[in-house]
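Number of protein chains: 2
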Amino acid sequence: MTKDKDDSKKSGQKKLSDHECDGCKINSNKQNPYNELISLGKSVVQDINKGKNPKIEMSVRGLSNVFYDKEAKTLALGDKTAQRFFFNVAHTKKFLQTIEVASICKNLLDSMKHASLRDVFYMAKRTIPNTKINIVDDQKETDKAIEDLEIITDFSRECLHVNANKMGSVAGKVIVEDSGDTIDWSKLGSGGWSIPSNVEEIKFKKVEAKYVVYMEKAAVWERLHEDRFWNKQNCIIMSSQGQTTRGIRRLLQRLSVEHKLPIYILTDGDPWGWYIYSVIKYGSISLAHMAGEMAIPTVRFLGITCDDIVNYDLKRHFIKLTEQDISRMKQMQAYEWFVKNKDWQRQFKMMKEFNAKVEIQALSSKGISFISEKYLPEKIRKQDFLD
Amino acid sequence: MTKDKDDSKKSGQKKLSDHECDGCKINSNKQNPYNELISLGKSVVQDINKGKNPKIEMSVRGLSNVFYDKEAKTLALGDKTAQRFFFNVAHTKKFLQTIEVASICKNLLDSMKHASLRDVFYMAKRTIPNTKINIVDDQKETDKAIEDLEIITDFSRECLHVNANKMGSVAGKVIVEDSGDTIDWSKLGSGGWSIPSNVEEIKFKKVEAKYVVYMEKAAVWERLHEDRFWNKQNCIIMSSQGQTTRGIRRLLQRLSVEHKLPIYILTDGDPWGWYIYSVIKYGSISLAHMAGEMAIPTVRFLGITCDDIVNYDLKRHFIKLTEQDISRMKQMQAYEWFVKNKDWQRQFKMMKEFNAKVEIQALSSKGISFISEKYLPEKIRKQDFLD
Numbered sequence: 004m005t006k007d008k009d010d011s012k013k014s015g016q017k018k019l020s021d022h023e024c025d026g027c028k029i030n031s032n033k034q035n036p037y038n039e040l041i042s043l044g045k046s047v048v049q050d051i052n053k054g055k056n057p058k059i060e061m062s063v064r065g066l067s068n069v070f071y072d073k074e075a076k077t078l079a080l081g082d083k084t085a086q087r088f089f090f091n092v093a094h095t096k097k098f099l100q101t102i103e104v105a106s107i108c109k110n111l112l113d114s115m116k117h118a119s120l121r122d123v124f125y126m127a128k129r130t131i132p133n134t135k136i137n138i139v140d141d142q143k144e145t146d147k148a149i150e151d152l153e154i155i156t157d158f159s160r161e162c163l164h165v166n167a168n169k170m171g172s173v174a175g176k177v178i179v180e181d182s183g184d185t186i187d188w189s190k191l192g193s194g195g196w197s198i199p200s201n202v203e204e205i206k207f208k209k210v211e212a213k214y215v216v217y218m219e220k221a222a223v224w225e226r227l228h229e230d231r232f233w234n235k236q237n238c239i240i241m242s243s244q245g246q247t248t249r250g251i252r253r254l255l256q257r258l259s260v261e262h263k264l265p266i267y268i269l270t271d272g273d274p275w276g277w278y279i280y281s282v283i284k285y286g287s288i289s290l291a292h293m294a295g296e297m298a299i300p301t302v303r304f305l306g307i308t309c310d311d312i313v314n315y316d317l318k319r320h321f322i323k324l325t326e327q328d329i330s331r332m333k334q335m336q337a338y339e340w341f342v343k344n345k346d347w348q349r350q351f352k353m354m355k356e357f358n359a360k361v362e363i364q365a366l367s368s369k370g371i372s373f374i375s376e377k378y379l380p381e382k383i384r385k386q387d388f389l390d
Numbered sequence: 004m005t006k007d008k009d010d011s012k013k014s015g016q017k018k019l020s021d022h023e024c025d026g027c028k029i030n031s032n033k034q035n036p037y038n039e040l041i042s043l044g045k046s047v048v049q050d051i052n053k054g055k056n057p058k059i060e061m062s063v064r065g066l067s068n069v070f071y072d073k074e075a076k077t078l079a080l081g082d083k084t085a086q087r088f089f090f091n092v093a094h095t096k097k098f099l100q101t102i103e104v105a106s107i108c109k110n111l112l113d114s115m116k117h118a119s120l121r122d123v124f125y126m127a128k129r130t131i132p133n134t135k136i137n138i139v140d141d142q143k144e145t146d147k148a149i150e151d152l153e154i155i156t157d158f159s160r161e162c163l164h165v166n167a168n169k170m171g172s173v174a175g176k177v178i179v180e181d182s183g184d185t186i187d188w189s190k191l192g193s194g195g196w197s198i199p200s201n202v203e204e205i206k207f208k209k210v211e212a213k214y215v216v217y218m219e220k221a222a223v224w225e226r227l228h229e230d231r232f233w234n235k236q237n238c239i240i241m242s243s244q245g246q247t248t249r250g251i252r253r254l255l256q257r258l259s260v261e262h263k264l265p266i267y268i269l270t271d272g273d274p275w276g277w278y279i280y281s282v283i284k285y286g287s288i289s290l291a292h293m294a295g296e297m298a299i300p301t302v303r304f305l306g307i308t309c310d311d312i313v314n315y316d317l318k319r320h321f322i323k324l325t326e327q328d329i330s331r332m333k334q335m336q337a338y339e340w341f342v343k344n345k346d347w348q349r350q351f352k353m354m355k356e357f358n359a360k361v362e363i364q365a366l367s368s369k370g371i372s373f374i375s376e377k378y379l380p381e382k383i384r385k386q387d388f389l390d
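Heads up: the sequence lines are chains R and W, in that order.
Each residue of the first sequence is one higher than the one before, starting from 4 at the first, in the numbering used here.
Each residue of the second sequence is one higher than the one before, starting from 4 at the first, in the numbering used here.
Hints are computed from structural coordinates only; laboratory data are not their basis.
Keep in mind that a hint or two might mislead.
Identical copies look the same in the list; a pair holds intra-copy or inter-copy alike.
Unchecked claim - Taking lysine-lysine and the DSBU-like style, the derived pairs with C-alpha atoms no more than 30 Å apart in a straight line are:
1) 355 <-> 96
2) 190 <-> 213
3) 116 <-> 235
4) 135 <-> 58
5) 377 <-> 55
6) 176 <-> 369
7) 55 <-> 83
8) 333 <-> 97
9) 116 <-> 333
10) 377 <-> 135
11) 263 <-> 213
12) 176 <-> 206
13) 318 <-> 206
14) 116 <-> 385
15) 96 <-> 235
16) 345 <-> 135
17) 382 <-> 355
18) 209 <-> 190
19) 355 <-> 45
20) 176 <-> 208
21) 206 <-> 235
22) 323 <-> 73
23) 235 <-> 135
24) 143 <-> 323
25) 83 <-> 116
26) 73 <-> 97
27) 209 <-> 385
28) 190 <-> 176
Computed from a predicted structure; not experimentally measured.
Turn these sequences into a full structure, and let the hints guide you.
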């Protein structure tokens, strides 16, 4: 044990001085994810040495401890805490899993390498010595352990060197430094920069752009990119394809917090597009403990709104709402942050009356570059956003 | 009509001399997609002027006209042709749709802009003047029309400026020129270059890398990238997340044809991973007419094979085959190109005996960088590939 502790300490010191991760620094009250993991280990060892039942203490996750923080304007975790004991049949496996994953993360930080969630599962999937019992049988178990460690250490899993999937592209007048390279987002041809799953260690060297448009659809990004929209408007264009990954959300948040750039969300005119906006702005229940790093209360919704459907004559591209659309919309209508928001309630009402949604590409019926030459410049000039 | 023809001619000449698209040049016997569209229009106009029933002639698509070309070692279209007449109630709507989409493509080429498949749908979705009938009601109709135009013009839809979805990242010692920018794939930080949906206009300026590893999973790409695998091995690493887009397949094909780079496919050890390999190598039925541009007969399968499962002791990470897995495997086993391939038949047999598959990330159980430090270098050194 002593040997292990000394090793950790040495590496810990090395990491402490080496820890140049801009993303981590800004978002946590703690100094260093490595030291937090060491503290966790030490407290367990102390319990053992004192002959106490080893325990881990952490905030309760889940609906019962999630509330809407009106001041921060995001979802957040309440102050309910729970204790997990090693000598408790209901806790012992989870206890073991948390410690195992903490040790994997410590090794990742030590070796300065990053793993995917799936990697971590396979790294933890081994039998307990002298038994036939696996430490984990399912990725859900390691995923949960990682979320627990986010709460325990107050660092995101990205800071613990665990990444989710990589997705999305970005272009605009920004120069970053990353992994020893200097990358100019305005000089990357038709492809743009491929957004990494983990953006914590990126350094912004020069940010000329004045705002960010984040869009859900890669095809719309390619349209705006081909039209050099980011150049004409001096902005950043960013997109995923499908889900808004944590890498993208953190990149948006860093641009918002560190460079005070306004962020505008561009989606289909449907409940799912609006939901994307809601999650980026207010956070989600499952990630409430990460709201400080993930939610971006300042983002605004650019479109497609129901007013856009009227003003830009898109009714002839109506697609009837499905049952899923309607139930998603009802859910949102009742969200605490939307319930007193007259503008959004008006949108929900209009869409319900339409009983229809509109895709963003419907704008192409007006001309291939209508979106970049008329719709967006007009909306942005008029500051026609929803909050 | 005359005015229009003159305009086209003028633009056509402009395009002809401007047409610097490396991808198009190499893959079609024809010279210029623009001129092919003009020819189509002219032949219809000639029919009208002669008082004939306007017709479009093209190869038949679909299973009845698809065969395995043993010489080219890809799927290909046979020589059955069909005629589509304007004055035929069964043909007239499709005729109109083909001409409408041809005109949209001509305008895209004229304006040097690219559209997504969805954009083209919305651009074509309008009522026929003085009627309440839409030219198209569903994207399937414009998608079909675009495939027809691929056959009629002998140019891919990318050459006709219609793009699919964008996905994937690339890194390696390659310098390309694209949209006026010079991009060094080895200097793009942890993100890499985001692969555009359309890679026809990319120019390869310098290709130092000696081979390409294409992997299905972005998380594996990030692993290899962090380990600078492409630098140590002097190769290119490329990945999508999910499907292998046409942009990726064309990029692989251009590196194979224009730069003679060997291409190795790295997937999960399961029937779906193997199917990815089959489609990249031999093409697919739905894209048989594009085999010349899409299929890459020289690609080889790197892993995960059933032998890898044995040799690298991965059996403890077995996941039971599902019914879908088994039926996909049976289908492949019967493919003309696999049926006489002893090595592959052996793989199918082994997996059937295992009644289990293994994910590529199972390699992480041996250490986070086992894949880049041992598995891949060993396999590549021994040239342990399947053909």
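The hints, checked one at a time:
1. 355 <-> 96: neither (48 Å within a copy, 34 Å between copies)
2. 190 <-> 213: both (18 Å within a copy, 26 Å between copies)
3. 116 <-> 235: For residue 116 and residue 235, the Cα distance is within 30 Å only across copies (17 Å; inside one copy 39 Å).
4. 135 <-> 58: within (25 Å within a copy, 72 Å between copies)
5. 377 <-> 55: Classified as neither: same-chain Cα gap 69 Å, cross-chain 43 Å, threshold 30 Å.
6. 176 <-> 369: within (29 Å within a copy, 42 Å between copies)
7. 55 <-> 83: Cα proximity of residue 55 and residue 83: one copy only (23 Å, versus 82 Å across).
8. 333 <-> 97: Answer is neither; intra-copy 36 Å and inter-copy 41 Å both fail.
9. 116 <-> 333: Neither, since 43 Å and 40 Å both go past 30 Å.
10. 377 <-> 135: So residue 377 and residue 135 pass the 30 Å test across copies only (28 Å; inside, 65 Å).
11. 263 <-> 213: Intra 9 Å, inter 44 Å, cutoff 30 Å: intra-copy only.
12. 176 <-> 206: Both ways: residue 176 and residue 206 sit 14 Å apart in one copy and 24 Å across, limit 30 Å.
13. 318 <-> 206: neither (44 Å within a copy, 42 Å between copies)
14. 116 <-> 385: between (46 Å within a copy, 27 Å between copies)
15. 96 <-> 235: The answer is neither: 57 Å in one copy and 41 Å across copies each exceed 30 Å.
16. 345 <-> 135: neither (59 Å within a copy, 38 Å between copies)
17. 382 <-> 355: within (23 Å within a copy, 58 Å between copies)
18. 209 <-> 190: Both: 14 Å inside a copy, 17 Å across copies.
19. 355 <-> 45: neither (56 Å within a copy, 48 Å between copies)
20. 176 <-> 208: For residue 176 and residue 208, the Cα distance is within 30 Å both inside one copy (11 Å) and across copies (25 Å).
21. 206 <-> 235: Both: 25 Å inside a chain and 26 Å across chains, each within 30 Å.
22. 323 <-> 73: Classified as neither: same-chain Cα gap 35 Å, cross-chain 48 Å, threshold 30 Å.
23. 235 <-> 135: Intra 63 Å, inter 39 Å, cutoff 30 Å: neither.
24. 143 <-> 323: between (36 Å within a copy, 18 Å between copies)
25. 83 <-> 116: neither (34 Å within a copy, 56 Å between copies)
26. 73 <-> 97: Answer is neither: 33 Å inside a copy and 57 Å across each miss the 30 Å cutoff.
27. 209 <-> 385: within (28 Å within a copy, 46 Å between copies)
28. 190 <-> 176: both (9 Å within a copy, 18 Å between copies)
In summary, the numbered hints that this structure violates are 1, 5, 8, 9, 13, 15, 16, 19, 22, 23, 25 and 26.
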